[in-house]
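Trainee: We have chain A; now place chains B, C and D onto it with these hints.
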Amino acid sequence: MEAVRATEIMVAAGARELRDGQTVVVGLGLPQVACVLARRTHAPALSLLLEIGVTNMNPVDTPIGLADSRIFYRATCWSGFLDILGMNLHRGVVDVGFLGALEIDRFGNINTTLLKEDSGKLRYFNGSAGGNDVASLAGRVIVIMRHEKRKLPTAVAHLTSPGFPGGRSRKDLGLRGEGPQRIITDKAVLGFDRGTHQATLLSLHPGVELQDVIENTGFRMETPKTVPATPLPTPEELRLLREEIDPKNVYLG
Amino acid sequence: MEAVRATEIMVAAGARELRDGQTVVVGLGLPQVACVLARRTHAPALSLLLEIGVTNMNPVDTPIGLADSRIFYRATCWSGFLDILGMNLHRGVVDVGFLGALEIDRFGNINTTLLKEDSGKLRYFNGSAGGNDVASLAGRVIVIMRHEKRKLPTAVAHLTSPGFPGGRSRKDLGLRGEGPQRIITDKAVLGFDRGTHQATLLSLHPGVELQDVIENTGFRMETPKTVPATPLPTPEELRLLREEIDPKNVYLG
Amino acid sequence: MPDKVKTVVDAVRGIPDGSHIALGGFAVARNVIAVAHELIRQQKKNLTLSQCVVGMDTDLLVGAGCVSRLIIGGGSLDRFGPVHCINRAREDGTVESHDYTSLSICFRYLAGALGISFIPIKSLIASEVLDRLEHGPAAADVRRMKCPFTDEDYILMKALNPDVSLVHVQVADREGNCQIEGPRWENEEQAKSARRIIVVTEELVPTEYIQRSPERTVIPAHRVEAVIHQPFGAYPTAVFGCYDFDDAHLKLYVEHVKRPDRVKQYLDTFVLGTKNHWDYLEKAGGLKRMEEIKAERVLGY
Amino acid sequence: MPDKVKTVVDAVRGIPDGSHIALGGFAVARNVIAVAHELIRQQKKNLTLSQCVVGMDTDLLVGAGCVSRLIIGGGSLDRFGPVHCINRAREDGTVESHDYTSLSICFRYLAGALGISFIPIKSLIASEVLDRLEHGPAAADVRRMKCPFTDEDYILMKALNPDVSLVHVQVADREGNCQIEGPRWENEEQAKSARRIIVVTEELVPTEYIQRSPERTVIPAHRVEAVIHQPFGAYPTAVFGCYDFDDAHLKLYVEHVKRPDRVKQYLDTFVLGTKNHWDYLEKAGGLKRMEEIKAERVLGY
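In order, the protein sequences belong to chains A, B, C and D. If you're matching positions, the first sequence starts at 1 in the working numbering and goes up one per residue. If you're matching positions, the second sequence starts at 1001 in the working numbering and goes up one per residue. If you're matching positions, the third sequence starts at 2001 in the working numbering and goes up one per residue. If you're matching positions, the fourth sequence starts at 3001 in the working numbering and goes up one per residue.
Next comes chain A alone, as it looks inside the complex:
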């Protein structure tokens, strides 16, 4: 059997964050693969919502984005932003929001808007779209991204979507939901301290050294004395991922 890839550990870790019966707003890519894996294993009654207005789709071909008709296939409801982001997310019935990030800082604040080049020139990216809405309103927020020093700075270059700005509590800031709970990277899983709201190391993926993670993280991070290992995907999870969920390696490759 082929060696387990970091992407497979990531989506399995993402899937384990989901409970059966939960409602999840998800973007395409690894977050969606994690949700489908959860639905195919321990959480068959997971509800997947796409901001564009799609509920519980059952695609048979791999979509390239939310605007791809492939992701509309065999949905049980087609609506729009007002329904998904308004009558579900803003309404408070979305348990989990899965996000990607250009940068995320030690307080879980996310940047998807712009980076400053060394020359001082700003470079714009995708902006918020539903990202700020999900980060502001979902019950829990889970971020999946690559582990690079520049992507995990002490403070984001632009605070697009709030985690715990200034290390303050969500409630004091007027935000709904519990905010970011996990950052799942290709090296480790991070959590957030309930008191300081700072990112902490929860587990290292098998084979990854603590020093590697510390060097590739832009902020200082609490680490437990003995760092647990992130569980590997089970053989059944690997089979599902490789044979059924993403056989063409569109996301896992």
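Hints are supplied without guarantee of correctness; some may be wrong.
[Said to hold, decoys possible] Chain D regions said to be covered by chain B (calculated; three or more residues, Cβ under 8 angstroms):
1) 3113-3120
2) 3198-3212
3) 3215-3227
[Unchecked claim] Each computed DSS-like pair below joins lysine-lysine, with the alpha-carbon atoms no more than 25 angstroms apart:
4) D:Lys3283 - D:Lys3264
5) C:Lys2283 - C:Lys2251
6) D:Lys3146 - C:Lys2146
7) B:Lys1151 - C:Lys2258
8) B:Lys1171 - C:Lys2146
9) A:Lys121 - D:Lys3264
10) D:Lys3146 - A:Lys171
11) C:Lys2158 - A:Lys171
12) D:Lys3158 - C:Lys2158
13) D:Lys3294 - A:Lys248
14) C:Lys2158 - C:Lys2146
15) D:Lys3146 - C:Lys2158
16) A:Lys121 - D:Lys3258
These are calculated hints, taken from the structure and not from any lab test. A virtual CB, placed ideally from N, CA and C, is assigned to each residue, including glycine.
Mentor: Using the frame of chain A, we list chains B, C and D on its own:
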């Protein structure tokens, strides 16, 4: 040919208040008959909206109310209150609202909620439903009702739907639209003075005496020196009403 | 997805006394009669009922003494007459009635459905409807405000979030995906504003049927707590595409409830005196009558 | 009802420079390409464009220099890459960009569609998105407020009422009744918030077709000013049920626009160098290519 009935004069007068291309929110009964007559004569591009969420229906059987499936038939859009009363009426694109009334007073204020019996006991009726919304928001309001002294008091027993409360201008009161413009009864057509916002007599139906109207109106009303006669329905209008629009005399009888 | 099909008895058992229930009916169309009857059989008390335009479902529950508060926009039984039980309860003061308008109730549901705690409206202004809300038991639910952008006068209303929303639909799957034919009045906003949604469906369909036209799904499964399958569940009110209202039975109902002393007789015969909805349908004319009012394919009534 | 079918040339002639246009596209789906091209051919200037999630339609218009202001929630061309023209214009400051979020733009349209001049939201709070709106050119459009009922913190936003809304739909009749297949993103609120609505339809159908499923009418005729009939009018973006996006053409587009000096080359070849949309479709591959991307009946793509 059968003598022209008061109801026929009323719906013809109502129809003449409508311009082609206008959007009208309408209740069942004589208002709807007036709209259909207008659509079948000079206003083929009139759009009829029912608060329940029906646009431009083409019923083939006579409905008994807004909740009657007969009125849903061959509509071009089925939606709901939010669309009709929100995204059309509140949005400001409804030119005319057609209402009935339990009472209407000299300032065009409408009561559809309650009457006080001589004993002092209150008797409740239908309340507002969409009436207050239409009166508060439509471009022009036209009321069709029977001409009785107790139905046309100086001041309504309950101000359900505002005309020009206290004789004040709609703008000062914070209301949208021009308010009530016509009261079409089985005896006469009333309008409203632009300055005092009081009801004035515009025309008497053929055969009705001025004295009859004065005696059957609960408030003092300006009357022109020579009162014009309300035009009779044309032979073609009568034919349409009797043969096609309400052959069973459900509303005109 | 889990199977959410329940009996009306079990579903109603889960609704405590004192609940705020949003009812999906409108005059004599798609009333939640099957659930209203069971609420009466289980003798629920102190209910708050809300609805844009009331129907026979609300009138029945008020007539049976289950209701202590109404939050409504108005209404009648169309040409069959006024809602006698509701109007009498308002006259007697036995029910606290918060009287709004169709749109203002719909906006309050919309705000509830969107998770915004207030919404502005231009209705109600300069009316006695507003006076009575402001100086009555609804005083805490309305405020006046000027728009900070345009300086326009508005009434702010508090969002409505019923404990339970009951909606009667033509079609649902076992997971709770619901599709409604014909106009939907306030059903979508009303359902989505509620903490719990219980639906009654004329027909249970496989999820595959829902997936054929997902744009028609008005209430999605993940919001629905229970699905009650009850053909003719809205009888004697009409369900577009399924059956017409039964004018004979509605006349009989109005004949009874317009006299306070005969309300009990109607309830004893058709609600308390029947074991369940099938038994009630039998008493109301059974198969033959239901076939008579069954909808014609093209017309939908 | 009047026949509202117009040519894209005539419809676009009626849109003055400086207009605020709401665009119906989302990334690479149902973009109003036919109208965007004609706006470029007629060299419209100083447009304000609004959209929840931008698409190729907005990127094209910005790239062609027609736009002076954007009111948007974000966006990209999905896996084809970022919206290079838009991002560059924000970097250069050649376009004033009001950057919101998907839901906040949708709520602003909703308020516009409902005729309420403001709407509260819990998004934006404690973010630099809000800071930049409050301290930038959108300062007059946002306020902070506490809910008078719950004391919760909210951001109030001003309603959006575009001058013109452009929406691409699968099916419309000659009077303007529009039906959309697949998810509708913000199209309904966006259209109904606008003063004028111009739709582009893949197919013109008799009104009788609309009347068969009136619950699918997203935009009703009485709100529509003009209907443009243009098959493949959204090409190279996808129209569910009609055709897929053309990945080859989208790659070619991105290859051009990612280099500022090659934007003109794309526009010269495919927009300014084509007489009309049919001519553009020919240049992009014509009948053979369109047949290749045509949707399969069951899958819809």
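Trainee: Compare the structure with each hint and give your call.
Mentor: Verification of the hints:
1. 3113-3120: It holds: at least three residues are needed, and the region 3113-3120 of chain D offers 4 whose Cβ sits within less than 8 angstroms of chain B.
2. 3198-3212: Contact hint for the region 3198-3212 of chain D vs chain B: holds, 3 residues under 8 angstroms.
3. 3215-3227: holds (count 6)
4. D:Lys3283 - D:Lys3264: Roughly 16 angstroms between the alpha carbons, so the hint for Lys3283 of chain D and Lys3264 of chain D holds.
5. C:Lys2283 - C:Lys2251: The given pair, whose Cα atoms are some 16 angstroms apart, holds under the 25 angstroms limit.
6. D:Lys3146 - C:Lys2146: holds, 14 angstroms
7. B:Lys1151 - C:Lys2258: Holds - the C-alpha atoms of Lys2258 of chain C and Lys1151 of chain B are around 23 angstroms apart, at most 25 angstroms.
8. B:Lys1171 - C:Lys2146: Answer holds: Lys1171 of chain B to Lys2146 of chain C is near 14 angstroms, not above 25 angstroms.
9. A:Lys121 - D:Lys3264: holds, 24 angstroms
10. D:Lys3146 - A:Lys171: Between Lys3146 of chain D and Lys171 of chain A the Cα gap is close to 14 angstroms, so the pair holds against 25 angstroms.
11. C:Lys2158 - A:Lys171: holds, 21 angstroms
12. D:Lys3158 - C:Lys2158: Between Lys3158 of chain D and Lys2158 of chain C the Cα gap is close to 19 angstroms, so the pair holds against 25 angstroms.
13. D:Lys3294 - A:Lys248: Since the Cα atoms of Lys3294 of chain D and Lys248 of chain A sit roughly 23 angstroms apart, the hinted pair holds (cutoff 25 angstroms).
14. C:Lys2158 - C:Lys2146: Answer holds: Lys2158 of chain C to Lys2146 of chain C is near 16 angstroms, not above 25 angstroms.
15. D:Lys3146 - C:Lys2158: Distance of about 13 angstroms is within 25 angstroms: holds.
16. A:Lys121 - D:Lys3258: holds, 17 angstroms
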